[in-house]
Structure formats: C-alpha cells, structure tokens
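**Student:** Protein sequences, first through last, are from chains U and H.
When the letters of the first sequence are read in order and numbered with my numbering, they come out as residues 333 to 615.
When the letters of the second sequence are read in order and numbered with my numbering, they come out as residues 6 to 204.
Keep in mind that the hints were calculated from the coordinates and are not lab data.
Here a beta-carbon is modelled for each residue, glycine too, at the ideal position from N, C-alpha and C.
Careful: at least some of the hints might be erroneous.
Unchecked claim - List of simulated lysine to aspartate or glutamate pairs, EDC-like, C-alpha gap at most 20 angstroms:
no.: 1; chain 1: H; residue 1: 86; chain 2: H; residue 2: 111
no.: 2; chain 1: U; residue 1: 472; chain 2: U; residue 2: 485
no.: 3; chain 1: H; residue 1: 131; chain 2: U; residue 2: 466
no.: 4; chain 1: H; residue 1: 191; chain 2: U; residue 2: 412
no.: 5; chain 1: H; residue 1: 67; chain 2: H; residue 2: 82
no.: 6; chain 1: H; residue 1: 105; chain 2: H; residue 2: 49
Unchecked claim - A few chain U residues that don't get close to chain H, going by computed Cβ distances all over 10 angstroms:
no.: 7; residue: 365
no.: 8; residue: 371
no.: 9; residue: 373
no.: 10; residue: 375
no.: 11; residue: 378
no.: 12; residue: 384
no.: 13; residue: 388
no.: 14; residue: 439
no.: 15; residue: 453
no.: 16; residue: 462
no.: 17; residue: 465
no.: 18; residue: 474
no.: 19; residue: 477
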Amino acid sequence: MNAVRWLFALLVLIGLSAAANAADVPIPPSPTHWATDATGFLAPQTVVALDARLRAYESSSGHQVLVYVAPTTGATPTEDWTVRAFARWKVGRKGLDDGLVLFVFPKDRKLRIEVGYGLEQTIPDATAARIIRDITPELKAGKPDAAVTSGIDEILAVLAGEPRPARDSAAAGKNLDGPRASSVPNPVPVYPDTGSSRFGEFFGEAIGILIGLLVVAGIIALIMKLPDPPKGAYISSRGSGFGFFDALNLIGGIASIAGSFSGGGGFSGGGGSSGGGGASGSW
Amino acid sequence: MNRGLIVLGGFVVIVLIAVMSLAGTYNRLVTLDQAVQSQWAQVESVYQRRADLIPNLVATVKGAANFEKSTYVAVAEARSKVGQLNLGSGVPNDPAAFAKFSAAQDGLSSALSRLLVVVEKYPDLKATQNFSDLQAQLEGTENRIAVERRRFNEAAQTFNTTRDSFPTVLVAGFFGSRFNEKAYFKSQAGSEVAPQVKL
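With the hints as constraints, model all of the structure from the sequences given.
**Tutor:** Now the structure itself:
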C-alpha cells in the first residue's frame with residue numbers, strides 16, 4: 333500500500349521537475365562577470381572595459397551593476413524574463429536589493445534596465461526610461477559599444493547622485509527622482525573567485541541528487557517497515573509517526589539545501605528582489 | 006480492567022495524534038493563506054500607484070490644445086470607479102469581490118490604453134518632458150502590476166494546491182469559509198501587457 337503511494341509521489345516529483353526544465357528560453361545561471369556578452373554583439377575590449385569598471389564600481393560603492401547581453405528571450409516577454417533573471421541571479425546585496433542590470437537582446441532588438449527595490453528611489457522609471465531613450469539612437473545607428481558604454485556612464489552618474497548629463501535640450505525637466513536612497517555603509521561583500529563556478533555547480537547538483545536518492549531510499553525502507561496508520565487517523569498519515577507530509581518536508585528541505593549548495597559559489601549578491609521597476613525600449 | 010485501560014490509552018493516543026496532525030495542517034494552511042494575503046497587499050499597492058498617477062496624467066493631457074475630451078473623461082471615470090471600490094480585506098477569498106476588483110481595474114487599463122493610443126495623434130504633447138516622464142512611470146507601473154499579479158497567482162496556486170489535496174481538503178472544509186479557495190487573475194487584453202507606445 334505505502335510502497336504504491338510512494339511510487340506515485342516519486343513519479344509526481346519527477347514529473348514536476350521535468351515540467352520545470354521544459355521552459356522555453358530558460359533563465360541562464362548567474363553570470364560570472366559584471367559584463368557578459370555571449371553573442372558577440374559588443375566588441376571584446378568593450379566587455380573587458382565595462383567589466384573592470386563595474387567591478388571597481390561595486391567594490392567602491394557596494395551597488396552591483398551588471399551588463400548582460402543575450403540573444404533573445406524567446407516567446408517570453410522581455411520584462412517577464414528580466415525580472416525572473418534578476419531574482420534568480422540575486423543581483424544586489426541581501427536585504428538592500430541594490431542591484432541593477434542593463435539587459436540587451438540584439439535578436440529581439442530590445443533592451444531593458446531592471447532596477448532592484450533598493451535603487452528604485454535613485455533610479456525611478458522615468459529616469460531609466462530617459463537613459464534608454466538616450467542610448468537607443470546609437471543602437472539604431474549600429475554603434476552598440478558606444479550605446480552600452482554611455483548607458484552605463486549615465487547609470488553610474490545617476491547612482492552617484494550627479495545630475496544626469498544633459499544630452500538633449502529638454503533635460504532640464506522637473507526633478508522626479510525623489511530623495512536618494514539611504515546608502516548604508518555596509519561592508520563590501522567579497523566574492524569568491526568565480527572561475528570554477530561551473531564545475532562547482534555541477535558538483536553541487538550531483539551531490540544534491542545523490543543525497544536526495546539516498547534519503548528517498550531510506551524513507552522508503554523506513555515506511556515499508558512501519559505498520560499502516562491506524563484507522564481513524566485519516567486526517568493525516570502523520571499517524572504513523574513519520575508520515576507522508578514529514579517525508580515530503582524532509583525531501584523539500586534536502587532539495588533546498590542541495591539547491592542553495594549548487595547555487596552558491598557563483599556571483600550572486602544575495603539580493604534579487606525587484607518588483608519590475610525600470611524601463612524597456614526597442615530599436 | 007487492565008484491558009479497558011489499554012483500550013482507553015490507545016483511544017487517547019489516537020485522539021492526540023489526530024489533534025496534532027489537525028493542528029499541523031491548520032498551521033500550514035494559515036502560513037500559505039498569509040503568503041497570499043501579503044501578496045494581495047502588493048497587488049493593491051501597485052494598483053494604487055497607478056491610480057495615483059492618473060490625476061497628473063489627466064491634467065497634462067487636458068493642457069494640450071484640443072485634446073479629445075472623451076478619452077480623458079473616460080480615464081477619470083474609470084479611476085473614480087476604482088477609487089469607489091470598498092471591498093475591505095479578504096478579497097482573494099471572495100470570488101464576487103475579486104471579480105469586481107478585476108473588472109474595475111481592467112476598465113481603467115483599457116481606458117488608459119485608449120488614451121495612450123490617442124496621444125499618438127498629438128506629437129507636441131508627446132514631445133514634452135512631463136508627458137514622456139509620465140508615460141515612463143505609467144509603463145513601469147503596468148509592468149509592476151503584471152509582476153505582482155503573476156506572483157499573486159503563484160501564491161494563490163500554492164495555497165489552492167495544498168488546500169485541495171487530500172487529506173488537507175477535509176480540514177479546510179471543516180473551517181468553512183476561513184480557507185476558501187483563492188481566486189486567480191485571468192490574463193486580460195491590455196492589463197497583462199504594458200501598453201506599448203513607440204518612444
């Protein structure tokens with residue numbers, strides 16, 4: 333009886349994880365650099381320069397600002413994809429969520445600035461939209477390096493509290509930026525060397541799966557030995573001391589431990605909360 | 006005598022176990038219910054954020070020469086309908102209240118997107134810094150609404166899945182309307198997708 337139930341639960345679990353894997357354009361794992369371009373959209377030296385600059389910026393200010401160029405978001409709307417990526421990568425510091433990512437999708441001809449909760453006061457939507465508007469002409473003109481570099485120039489300038497460099501005549505509009513977010517003098521998190529993160533992830537996952545299998549096998553053995561739950565205790569099969577829900581909880585716990593293990597060693601700052609702030613554009 | 010004691014003891018143990026598992030199930034439902042409620046608060050706050058932008062938007066388009074009056078009047082009316090919603094708490098538990106809320110907000114969404122389409126005919130208005138900032142804020146807010154609605158649906162789904170699975174469904178039913186199934190947002194034209202207006 334119990335064994336059959338267990339087999340069923342296992343099948344459901346396997347089915348669920350398969351469904352999760354079948355998403356159309358999956359969110360990639362956390363980037364390992366501040367500037368990432370796997371598409372060749374930007375010149376390699378631009379990526380290197382941006383990376384060094386944003387790395388230095390993070391160690392001086394604490395804010396994690398990333399550039400990420402991916403070919404496309406597929407059938408997923410840009411905004412939907414970027415907010416998920418932001419959450420998955422945990423951009424920004426934990427509790428502060430002071431991260432920002434400039435996304436560029438050359439195949440979709442779309443770009444987006446995704447702003448974490450902690451920077452929404454400093455870069456409200458209107459400001460993000462102005463920056464997007466400022467750099468789209470250069471993208472249209474086929475000068476992606478200049479566009480992305482000046483985009484980052486503007487973002488860092490706004491973050492530094494400077495008035496936005498006036499590139500268009502109308503820039504003297506009213507100030508919608510609001511008060512600057514309080515910059516808490518937190519110690520700058522030190523990221524481990526990220527060179528081996530791919531391996532670390534794989535290793536973590538393998539260990540997670542192994543532990544999971546062992547635990548499942550153990551639980552099955554345990555349950556097969558236990559008598560059926562007493563009649564009347566229909567409310568929950570907890571009646572047998574260590575029942576269905578406890579087992580599920582345990583598996584869930586192990587899976588999350590394994591998950592955090594495999595997710596670690598990367599680049600994530602621990603933040604990642606964003607409510608969809610920022611702005612999008614296309615060219 | 007001895008036998009009677011054993012039976013009584015067994016009975017007590019069974020009752021204790023039943024009560025404990027009942028408590029566990031109840032607490033799990035409460036936790037998930039709270040998650041839905043707090044996500045609902047997020048949904049309300051992003052909708053409020055949008056409603057707060059409307060007076061400024063209406064004032065801005067009113068200022069433009071010969072702006073089609075009917076469009077901004079429609080927005081203002083839809084806005085006041087949203088403002089008159091007085092549904093109290095517990096909206097996610099009440100399908101009728103939830104439908105009312107959705108209908109009013111969707112009404113404002115479509116009035117707004119009509120207005121933004123009409124604005125295309127007024128390049129002078131579009132070119133002003135004030136309007137383009139408003140437009141960016143509006144688009145950002147629509148995106149936030151989409152994000153929070155999706156998160157609400159996810160929280161509601163988690164709750165409903167637990168609530169409706171056996172044996173939890175028996176416990177949930179026992180508490181009557183306390184653990185009603187949560188309603189979902191249905192994707193509706195013009196409210197899931199931020200109005201796309203070319204910049």
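**Student:** Can we confirm that no CB of chain H comes within 10 angstroms of the CB of residue 365(U)?
**Tutor:** 27 angstroms, holds
**Student:** Run the C-beta distances from residue 378(U) to all of chain H and say if the shortest one exceeds 10 angstroms.
**Tutor:** 24 angstroms, holds
**Student:** Verify this label for me: residue 439(U) is non-interface relative to chain H, using a Cβ-Cβ cutoff of 10 angstroms.
**Tutor:** 18 angstroms, holds
**Student:** Holds or violated: residue 67(H) and residue 82(H), Cα atoms, limit 20 angstroms.
**Tutor:** 15 angstroms, holds
**Student:** Per the stated criterion, does the least C-beta distance between residue 373(U) and chain H lie above 10 angstroms, as a non-interface residue requires?
**Tutor:** 21 angstroms, holds
**Student:** The output says residue 388(U) does not contact chain H. Does that hold with a beta carbon cutoff of 10 angstroms?
**Tutor:** 29 angstroms, holds
**Student:** Please check whether the beta-carbon of residue 474(U) is more than 10 angstroms away from every beta-carbon in chain H.
**Tutor:** About 19 angstroms separates residue 474(U) from the closest Cβ of chain H, which puts it past 10 angstroms; holds.
**Student:** Straight-line Cα separation of residue 86(H) and residue 111(H) no greater than 20 angstroms?
**Tutor:** Since the Cα atoms of residue 86(H) and residue 111(H) sit roughly 11 angstroms apart, the hinted pair holds (cutoff 20 angstroms).
**Student:** According to the definition I'm using, a residue is off the interface if its beta carbon is farther than 10 angstroms from all beta carbons of the partner; does residue 465(U) meet that for chain H?
**Tutor:** Given a closest Cβ separation of 6 angstroms, the condition is violated.
**Student:** Going by Cβ atoms, does residue 477(U) stay more than 10 angstroms from chain H at every point?
**Tutor:** 22 angstroms, holds
**Student:** Does residue 131(H) pair with residue 466(U) here, judged by a C-alpha cut-off of 20 angstroms?
**Tutor:** 16 angstroms, holds
**Student:** Can we trust that residue 462(U) is non-interface, i.e. its beta-carbon lies farther than 10 angstroms from all of chain H?
**Tutor:** 7 angstroms, violated
Hint compliance for this structure: hints 16 and 17 are broken, all remaining hints hold.
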